[in-house]
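Residue numbers (the numbering used here), protein chains in the order written: chain V, 1 to 136; chain Y, 1 to 136; chain D, 1 to 136; chain B, 1 to 136.
Just so you know, these hints were derived from the structure itself, not from any lab.
Values in this document were obtained by computation on a predicted structure and should not be read as measured data.
Watch out, some of these pointers could steer you wrong.
Same chains, same label: a pair holds when it works inside one copy or across any pair of copies.
Calculated cross-link-like contacts (lysine to any residue; reagent style SDA-like; alpha-carbon spacing at most 25 Å) [claimed, not checked]:
1. K84 <-> T115
2. K132 <-> R11
3. K122 <-> A18
4. K122 <-> G19
Now for the letters of each chain:
Protein chains: 4
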Amino acid sequence: MAPFRATITVRFGDVDRAGIVYYPRFLNYIHIALEEYFLEVVGIAYPDLIQEHRLAFPTVHLEMDFMRPLRYGDRVGVEVIPEKLGTTSATWRYRLFRPEESEPAAVGCQVTVCTNMDSFEKREIPDWLRAKLSEE
Amino acid sequence: MAPFRATITVRFGDVDRAGIVYYPRFLNYIHIALEEYFLEVVGIAYPDLIQEHRLAFPTVHLEMDFMRPLRYGDRVGVEVIPEKLGTTSATWRYRLFRPEESEPAAVGCQVTVCTNMDSFEKREIPDWLRAKLSEE
Amino acid sequence: MAPFRATITVRFGDVDRAGIVYYPRFLNYIHIALEEYFLEVVGIAYPDLIQEHRLAFPTVHLEMDFMRPLRYGDRVGVEVIPEKLGTTSATWRYRLFRPEESEPAAVGCQVTVCTNMDSFEKREIPDWLRAKLSEE
Amino acid sequence: MAPFRATITVRFGDVDRAGIVYYPRFLNYIHIALEEYFLEVVGIAYPDLIQEHRLAFPTVHLEMDFMRPLRYGDRVGVEVIPEKLGTTSATWRYRLFRPEESEPAAVGCQVTVCTNMDSFEKREIPDWLRAKLSEE
Numbered sequence: 001m002a003p004f005r006a007t008i009t010v011r012f013g014d015v016d017r018a019g020i021v022y023y024p025r026f027l028n029y030i031h032i033a034l035e036e037y038f039l040e041v042v043g044i045a046y047p048d049l050i051q052e053h054r055l056a057f058p059t060v061h062l063e064m065d066f067m068r069p070l071r072y073g074d075r076v077g078v079e080v081i082p083e084k085l086g087t088t089s090a091t092w093r094y095r096l097f098r099p100e101e102s103e104p105a106a107v108g109c110q111v112t113v114c115t116n117m118d119s120f121e122k123r124e125i126p127d128w129l130r131a132k133l134s135e136e
Numbered sequence: 001m002a003p004f005r006a007t008i009t010v011r012f013g014d015v016d017r018a019g020i021v022y023y024p025r026f027l028n029y030i031h032i033a034l035e036e037y038f039l040e041v042v043g044i045a046y047p048d049l050i051q052e053h054r055l056a057f058p059t060v061h062l063e064m065d066f067m068r069p070l071r072y073g074d075r076v077g078v079e080v081i082p083e084k085l086g087t088t089s090a091t092w093r094y095r096l097f098r099p100e101e102s103e104p105a106a107v108g109c110q111v112t113v114c115t116n117m118d119s120f121e122k123r124e125i126p127d128w129l130r131a132k133l134s135e136e
Numbered sequence: 001m002a003p004f005r006a007t008i009t010v011r012f013g014d015v016d017r018a019g020i021v022y023y024p025r026f027l028n029y030i031h032i033a034l035e036e037y038f039l040e041v042v043g044i045a046y047p048d049l050i051q052e053h054r055l056a057f058p059t060v061h062l063e064m065d066f067m068r069p070l071r072y073g074d075r076v077g078v079e080v081i082p083e084k085l086g087t088t089s090a091t092w093r094y095r096l097f098r099p100e101e102s103e104p105a106a107v108g109c110q111v112t113v114c115t116n117m118d119s120f121e122k123r124e125i126p127d128w129l130r131a132k133l134s135e136e
Numbered sequence: 001m002a003p004f005r006a007t008i009t010v011r012f013g014d015v016d017r018a019g020i021v022y023y024p025r026f027l028n029y030i031h032i033a034l035e036e037y038f039l040e041v042v043g044i045a046y047p048d049l050i051q052e053h054r055l056a057f058p059t060v061h062l063e064m065d066f067m068r069p070l071r072y073g074d075r076v077g078v079e080v081i082p083e084k085l086g087t088t089s090a091t092w093r094y095r096l097f098r099p100e101e102s103e104p105a106a107v108g109c110q111v112t113v114c115t116n117m118d119s120f121e122k123r124e125i126p127d128w129l130r131a132k133l134s135e136e
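Could you build the full structure based on these sequences and the hints that come with them?
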């Protein structure tokens with residue numbers, strides 16, 4: 001099955017003085033794509049996850065390779081690929097594509113940990129959420 | 001008395017593709033200068049104000065004139081001038097200077113309102129804080 | 001005729017520790033809405049304006065009133081209303097709405113000046129662009 | 001020899017709704033620390049490197065581990081440790097510390113590539129810069 005793909009437009013405020021996306025903003029893009037993934041695929045809005053269920057998935061490890069620049073105005077396709085669901089952790093892969101290119105502009109891997117938003121302690125991914133995360 | 005002046009370095013991530021500071025980031029600069037003003041002049045750290053006293057000063061009105069660009073690497077002087085202390089509101093003026101220039105690069109005016117961080121209701125500026133804010 | 005309205009989702013990275021949009025990011029929103037306005041209504045992509053026509057519209061004056069907070073996950077409607085087209089300047093009004101609210105969460109006014117991206121000098125708005133800007 | 005350490009204050013605009021630094025902003029911090037390293041240790045301002053020498057060091061690979069959160073108001077120490085100087089690449093390690101903690105809050109590794117700012121092609125690190133980068 002084709003991976004989920006969010007589309008994000010590179011905005012004026014995202015590019016640096018070389019006219020390309022400043023690399024910290026790639027991380028904003030993958031976070032937005034993950035928020036879209038939760039909404040569209042997992043079936044729960046990330047704001048609800050945080051505000052109603054008091055759960056969050058902060059990042060404990062991140063790796064990213066940057067192969068080609070993203071430019072102002074690009075409609076970037078960001079693929080979100082769930083890689084591993086542990087007891088408390090979820091690992092995600094990302095591939096970012098410029099329009100009409102088959103080679104990714106960047107690829108990344110991110111390990112997140114299920115965390116109680118009140119105590120800030122890590123916790124097991126609850127069954128109801130695990131079921132949703134495993135479904136697709 | 002000379003106004004309080006914070007100094008802020010223009011960072012790579014602040015400039016746009018024209019090599020000048022993208023105007024929304026001027027607002028980050030005045031917020032940082034206000035945080036420095038609280039610490040240095042008012043004598044209370046803004047994080048403590050929020051976290052311990054449960055008070056914040058969100059912005060209800062903002063005006064800004066942009067006269068000349070700020071450039072990458074500039075050490076910008078940001079003057080913070082308390083203009084008016086109302087029952088619930090505090091009004092601030094700002095002047096931003098490039099190094100060794102006597103004409104400001106930008107000037108601004110900001111009205112903030114004392115707000116209870118738990119209820120999000122506006123409230124009177126408490127006497128202890130009013131005393132500190134009136135002192136200088 | 002109804003004003004042009006862009007829709008912007010409030011992202012995790014946009015909210016502050018009070019869970020509401022940090023006010024400098026309102027300016028990112030109005031810039032994104034203006035970029036959408038150029039694409040959809042004026043009929044020219046802002047990146048092309050900058051990169052091919054070497055024109056930009058930096059901000060020289062900004063005013064904004066903030067009436068109610070925007071929250072994480074809100075789909076914000078941002079109306080862009082062209083107010084005045086001068087020889088070199090263009091003035092824009094903005095109204096930001098939370099979903100299903102008829103009172104704006106914020107309103108703003110921004111004066112921009114047509115600028116040659118190579119010399120950074122202000123210049124007359126060229127006739128072809130003036131025609132497009134006057135059309136709607 | 002003790003590694004170079006830049007100090008960065010966590011600002012209001014850096015923290016998320018959990019009151020901790022949103023992880024993409026860790027990357028802003030390491031970029032600021034690298035800019036300080038160039039100024040203080042290498043002896044050339046990064047803006048001059050870009051604007052006068054037309055050189056930049058975009059990131060091609062990044063790894064980061066996040067061990068404990070940074071909080072609003074923290075004065076964060078960011079160590080910059082040059083790890084490897086290749087023909088065209090420079091590899092840097094980073095360790096971020098909260099005040100008075102001996103265990104890092106985060107560690108990172110970043111591979112950057114010397115790039116001609118006009119052609120965007122990678123190029124050999126010029127001898128004069130290699131000498132400076134090797135010195136400390």
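Comparing the hints with the structure gives:
Taking CA atoms no more than 25 Å apart as the test, K84 paired with T115 passes inside one copy only; the shortest distance there is 17 Å, against 36 Å between copies. For a Cα distance limit of 25 Å, the shortest separation of K132 from R11 across copies, 22 Å, qualifies, whereas the shortest one inside one copy, 32 Å, does not. In the homo-oligomer, the alpha carbons of K122 and A18 lie at most 25 Å apart only across protomers (14 Å), although the nearest pairing inside one protomer, at 40 Å, exceeds that limit. When the C-alpha separation of K122 and G19 is checked against a cutoff of 25 Å, the pair qualifies only between copies, where the shortest distance is 17 Å, while the shortest distance within a copy is 40 Å.
Checked against the numbered hints given earlier, the structure satisfies every one of them.
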